[in-house]
Amino acid sequence: MIAWLLNALAQGAMIALVALGYTMVYGVLRLINFAHSEVLMMSAYASVIAQTRLFAGFGRAGMVLSTLVAIVVAVALGVTIEMVAYRPLRARAKGASARVAPLVTAISVSVLLQSVAQLAFTATPRNLDRALAPPMWSVIVIAALVMVGLHALVNLTWIGKAMRAVAVNAEAARLMGIHPSRVIVFTFAVGSGLAAIGAVLYAGTQAPIEPTMGTAIGNLAFVAAVVGGIGSVQGAMLGGVLIGLLGEIVKRTSFSGMKDAIVFALLVVVLLVKPAGLLGQARAEKV
Amino acid sequence: MRRVPAVVLFAIGALTCVGLDLAYDGLVSWDRGSKFWLHILVVCAINVLGATSLNVVNGMAGQFSIGHAGFVGIGAYLGGAIVSNLALALKIPVAALKDNLSLGQSFLLLPVALVVVGLVCAAIGFVVGLPSLRLRGDYLAIVTLGFSEIVRLTVLGISADSATNPLTRAIASLGGSLGYRGPKVGEDYLGVPSVAGPFWTVGIAALAVFLALRLKRSGFGRALRAVREDEIAAAAVGVDPAKYKVTAFVLAAAGAGVAGALLAVQRDGPGIVGPANMKFDKSFEVITMVILGGSGSVSGAAIGAVLYTVIFYASEEALHQLAQAVPAFGSVDAAALRMTLFATALIVVMLVRTQGLFGERELFEKKADDGTPKPPSPSSDDATGTAKEALAS
Chain A
13 MIAWLLNALA
23 QGAMIALVAL
33 GYTMVYGVLR
43 LINFAHSEVL
53 MMSAYASVIA
63 QTRLFAGFGR
73 AGMVLSTLVA
83 IVVAVALGVT
93 IEMVAYRPLR
103 ARAKGASARV
113 APLVTAISVS
123 VLLQSVAQLA
133 FTATPRNLDR
143 ALAPPMWSVI
153 VIAALVMVGL
163 HALVNLTWIG
173 KAMRAVAVNA
183 EAARLMGIHP
193 SRVIVFTFAV
203 GSGLAAIGAV
213 LYAGTQAPIE
223 PTMGTAIGNL
233 AFVAAVVGGI
243 GSVQGAMLGG
253 VLIGLLGEIV
263 KRTSFSGMKD
273 AIVFALLVVV
283 LLVKPAGLLG
293 QARAEKV
Chain B
18 MRRVPAVVLF
28 AIGALTCVGL
38 DLAYDGLVSW
48 DRGSKFWLHI
58 LVVCAINVLG
68 ATSLNVVNGM
78 AGQFSIGHAG
88 FVGIGAYLGG
98 AIVSNLALAL
108 KIPVAALKDN
118 LSLGQSFLLL
128 PVALVVVGLV
138 CAAIGFVVGL
148 PSLRLRGDYL
158 AIVTLGFSEI
168 VRLTVLGISA
178 DSATNPLTRA
188 IASLGGSLGY
198 RGPKVGEDYL
208 GVPSVAGPFW
218 TVGIAALAVF
228 LALRLKRSGF
238 GRALRAVRED
248 EIAAAAVGVD
258 PAKYKVTAFV
268 LAAAGAGVAG
278 ALLAVQRDGP
288 GIVGPANMKF
298 DKSFEVITMV
308 ILGGSGSVSG
318 AAIGAVLYTV
328 IFYASEEALH
338 QLAQAVPAFG
348 SVDAAALRMT
358 LFATALIVVM
368 LVRTQGLFGE
378 RELFEKKADD
388 GTPKPPSPSS
398 DDATGTAKEA
408 LAS
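Going down the list, the protein sequences come from chains A and B.
Here my numbering is used: the first sequence runs in plain steps of one and ends on residue 299.
Here my numbering is used: the second sequence runs in plain steps of one and ends on residue 410.
It should be emphasised that the hints constitute simulated quantities derived from the structure, not laboratory data.
It should be emphasised that the depicted structure is a prediction, and the values quoted were computed from it without experimental measurement.
Where is the CB? At the ideal position from N, CA and C, for every residue including glycine.
Fair warning: there could be bad hints in the mix.
[What the hints assert, rightly or not] In silico DSSO-like pairs for lysine-lysine, Cα to Cα no more than 27 Å straight-line:
#	chain 1	residue 1	chain 2	residue 2
1	B	260	A	286
2	B	296	A	271
3	A	263	B	296
4	A	286	A	271
5	B	201	B	108
[As the list claims (entries may be wrong)] Computed beta-carbon distance windows for the label pairs:
#	chain 1	residue 1	chain 2	residue 2	range
6	B	370	A	183	20 to 30 Å
7	A	77	B	253	51 to 61 Å
8	B	105	A	134	50 to 60 Å
9	A	141	B	293	30 to 40 Å
10	B	57	A	15	51 to 61 Å
11	B	328	A	65	31 to 41 Å
12	A	135	B	327	54 to 64 Å
13	A	264	B	176	17 to 27 Å
14	B	183	A	264	19 to 29 Å
[Said to hold, decoys possible] If you only want the chain B side, here are some residues facing chain A, beta carbon under 7 Å, derived:
#	residue
15	166
16	170
17	185
18	187
19	333
20	371
Next comes chain A alone, as it looks inside the complex (with noise of 0.2 Å):
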């Protein structure tokens, strides 16, 4: 029972650390960043190539070097898709396409990267060594001293008040002298770089590292993010644990095959109960 538990609670840690990515760009975008989950699987990659090329004699310290190859990976990746993709789109829809042409641009670069890791890796799976793999006890370990590390990031660093002034309003921070792009750019970093951790942790654990791994975990994550109150950080989390938690009791039953649809069914009930999510707050609209 207690094996179990753990077990859920990893799960949920990991759904966790990629829902952060999500929803930190939500907060300060409000744009559902659909190529977060492709950014996780090309870090996955990252860190697999890695790992037999480079580090391959170098036991659990080269793993622990491929997971920083494996974030440098996605941060850079996920800095260029802003850089190249978003913010242009930023500064010259208008209208009713400003809602509509980020998410274009948004499932379009999710969609690209997927089939370019199906020309370049094709589909047969990659392991990570499985023998380097870490502990379930310390995925959560892990997971918890990250999620301590991104709190203080948030709360108490000079950079922390930035994001969370631009979420709040943007036009505001810019005359408090804050540039939102800059700090546009530092969310995309850090949300990739929680997504390389989270997609290592998986990798390592559990799945083999594949083009469509990114959607399987990324539709987790993202509905983990949505639950929990997208552009909450703890909502994040919490809808995390959540999730984990629901997938792996379902999967004690007979409806085992049914885990993902079970999960998005949740999706749409929370959705219709509390829009906002369970943390997130409802905004009145202003004109």
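Knowing the structure of chain A, use the given hints to seat chain B on it.
Leaving out everything else, chain B in the frame of chain A:
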């Protein structure tokens, strides 16, 4: 210009479609090789229907549905099931089902199936759209994505041995990952009959384009545009945003369902309905057609669909030829290559020409000449004025 009565237009259209249908059969029996090219016409028409319907909600109403494939999938399974069971009940010879059915036989099977599919998908669209469209923001994108995944995973997730009650047994009979192959007759499956030739596909696609054009120029279409430009302003002048958004979504769902049904029973079709119809890639394909053509433009969406289909088959054929010349290309994943191409195209369009090929304009339409009110300027400050003007005319 003198107007041609609608009845005459309709009759000419129907006759043209019958002619197309007969020409299709004639050409195929004359030269089997022409089947490949003629079949593209059928697929084009189905895609035009899919894109035209998505355009109502994504283009005209300015909402963002990314679960079109969910409705297409439901339409495909339901349409396939109705047509094949009906064929069995009417004792249309089983052997003939493996082959194409005649136009006469299709009249026995298709009208019922298409009407039922349209109504069922409209009802599901209402249930999905009502909660998500009452809210502002990106909830429709989230819910439609979730919806199409639920549908796909439900079909995949329930197998015959885990089915205990009538509902799960019905879902299990859809074949899971193997696909639906019609009702079981003895040891064998009947297969999904190929009944929808150019008469049905081209005819319905043309009808959908016609209706969408009328819709766009009606008061309803103008109200949709007002909602798209500024919901608060539209509500302030008495247009209920939720009502119009949900209606648009229901229409799109019905259209997608009919497109799915036609996809399942298309002439020279695969005879099988697979869960791949409901993958996110399929939704992305339809979004590509609408966005490339110009969201909000009916002819833009239709031309986008035709372009997409032609490029689809042309790239497939080109890669095939290339692989024969250079064997190294044989291992290239054609689908991934195509998705790379279209995704890049879409990103470039968003960055360079956000409104797509046509913008909101129609083919053969000059800027603001046909009496439909155009926003005086696209600036969002003017949105209240736009909404009022749209209503006043």
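Hint check results:
1. B:260 - A:286: holds, 21 Å
2. B:296 - A:271: holds, 17 Å
3. A:263 - B:296: holds, 23 Å
4. A:286 - A:271: holds, 22 Å
5. B:201 - B:108: At roughly 14 Å apart (the allowed maximum being 27 Å), residue 108 of chain B and residue 201 of chain B satisfy the hint.
6. B:370 - A:183: 20 to 30 Å: Given about 28 Å between the Cβ atoms, the range holds.
7. A:77 - B:253: 51 to 61 Å: For residue 77 of chain A and residue 253 of chain B the Cβ distance comes to about 59 Å; the hint holds.
8. B:105 - A:134: 50 to 60 Å: violated, 43 Å
9. A:141 - B:293: 30 to 40 Å: Once the Cβ atoms are compared, 33 Å apart, the range 30 to 40 Å for residue 293 of chain B and residue 141 of chain A holds.
10. B:57 - A:15: 51 to 61 Å: 57 Å Cβ-Cβ, so the 51 to 61 Å window holds.
11. B:328 - A:65: 31 to 41 Å: holds, 37 Å
12. A:135 - B:327: 54 to 64 Å: violated, 27 Å
13. A:264 - B:176: 17 to 27 Å: This hint holds: roughly 18 Å between Cβ atoms.
14. B:183 - A:264: 19 to 29 Å: holds, 25 Å
15. 166: Given a least distance of 5 Å, the restraint on residue 166 of chain B holds.
16. 170: holds, 4 Å
17. 185: At 10 Å from the nearest chain A Cβ, residue 185 of chain B fails the 7 Å test, so the hint is violated.
18. 187: Since chain A brings no Cβ nearer than about 15 Å to residue 187 of chain B, farther than 7 Å, the hint is violated.
19. 333: violated, 15 Å
20. 371: holds, 5 Å
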